[in-house]
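Could you build all of it, start to finish, from the sequences and the hints given here?
Sequential numbering of the sequence shown, starting at 7, is according to our numbering.
If you are wondering where the hints come from, they were derived from the structure by calculation, not from laboratory data. Heads up, the beta-carbon is just placed ideally off N, CA and C, and yes, glycines get one too. The reader is advised that the hints may include incorrect statements.
List time: in silico SDA-like cross-link candidates among lysine to any residue, alpha-carbon distance up to 20 Å [to be verified]:
no., residue 1, residue 2
1, 77, 133
2, 114, 138
3, 77, 139
4, 77, 150
5, 110, 78
6, 110, 137
7, 77, 141
8, 171, 136
9, 141, 73
10, 105, 139
11, 77, 10
12, 110, 161
13, 110, 68
14, 58, 133
15, 51, 73
16, 77, 148
17, 110, 93
18, 105, 144
19, 171, 161
Here are the computed distance ranges between Cβ atoms for each label pair [unchecked claim]:
no., residue 1, residue 2, range
20, 63, 95, 14 to 24 Å
21, 19, 96, 44 to 54 Å
22, 11, 160, 27 to 37 Å
23, 150, 21, 21 to 31 Å
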Amino acid sequence: MREGFRNLFRLIISCLLIGCCFLTSANKSHADSKVVLNDQKKEIKRSLESLKDLDYQTWQIIVYPSSKESKNLILRIVGYPGSLRIDHPTNLIVNSGIKTWNLKDITKNSKIKVGNLNDSAAEFDLSTLIAELDKNRPLRLSLPDLINDLPIPPYLVSEWRSLAK
Numbered sequence: 007m008r009e010g011f012r013n014l015f016r017l018i019i020s021c022l023l024i025g026c027c028f029l030t031s032a033n034k035s036h037a038d039s040k041v042v043l044n045d046q047k048k049e050i051k052r053s054l055e056s057l058k059d060l061d062y063q064t065w066q067i068i069v070y071p072s073s074k075e076s077k078n079l080i081l082r083i084v085g086y087p088g089s090l091r092i093d094h095p096t097n098l099i100v101n102s103g104i105k106t107w108n109l110k111d112i113t114k115n116s117k118i119k120v121g122n123l124n125d126s127a128a129e130f131d132l133s134t135l136i137a138e139l140d141k142n143r144p145l146r147l148s149l150p151d152l153i154n155d156l157p158i159p160p161y162l163v164s165e166w167r168s169l170a171k
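In structure tokens:
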């Protein structure tokens, strides 16, 4: 009889622990458009999102204007620090249907000191892509040997296009 209670108690505790693991690892994905202050104390609106690629690697995607006066946008992709190293320059390949863009790696040209960007971050000029998009289409990002396929949903593309206006 006692052995039955012990087994039941172990089963209940195991189920509770497994349930807690599932609840704490729930993925919250939403676009986050924010206004931040840059080093000249000027407000700059940006887009911030965390997305998973098809290999379940999580990436932080940040889009912001190169300056307050400019409509040129910069796309920063950040991986988990220490888990990978991005060799620069590495161009970003963007696909949408039959269209393909090859975005230039501008990490070393960035106004932010390269030392502030760790080895798991890269920046790209997003302006030509945004200028050519006439609809909020889903995009697919690829970085050779790092990102096989990172889907960008239409709502995020819409947010990026609104930053360029």
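Is the hinted pair residue 110 and residue 78 satisfied, with a Cα-Cα distance of at most 20 Å? holds, 13 Å
Range hint compliance [Cβ, residue 63 to residue 95, 14 to 24 Å]: holds, 21 Å
Given pair status - residue 93, residue 110, alpha carbons within 20 Å: holds, 13 Å
Pair hint residue 114 and residue 138, alpha-carbon separation not exceeding 20 Å: Violated, at roughly 25 Å.
Hinted pair residue 58 and residue 133, Cα distance within 20 Å: violated, 23 Å
Note whether the CB distance of residue 19 and residue 96 lies within 44 to 54 Å or breaks it. Hint holds: Cβ distance 48 Å, inside 44 to 54 Å.
Pair hint residue 51 and residue 73, alpha-carbon separation not exceeding 20 Å: The hint holds at about 10 Å.
Satisfaction of hint between residue 144 and residue 105, Cα-Cα up to 20 Å: holds, 12 Å
So if I understand the rule, the pair passes when the alpha-carbon distance is 20 Å or less; does residue 110 with residue 68 pass? Given that 20 Å is the threshold and the Cα spacing comes to 16 Å, the pair holds.
Could you grab the alpha-carbon distance between residue 171 and residue 136 and see if it respects the 20 Å cut-off? Holds, at roughly 10 Å.
Going straight from one Cα to the other, do residue 171 and residue 161 come out at no more than 20 Å? holds, 16 Å
Decide if the proposed pair is consistent with the structure: residue 77 and residue 148, CA atoms, cutoff 20 Å inclusive. Violated, at roughly 24 Å.
Violation of the numbered hints given earlier is confined to hints 2, 4, 9, 11, 12, 14, 16, 22 and 23; the remaining hints are satisfied by the structure.
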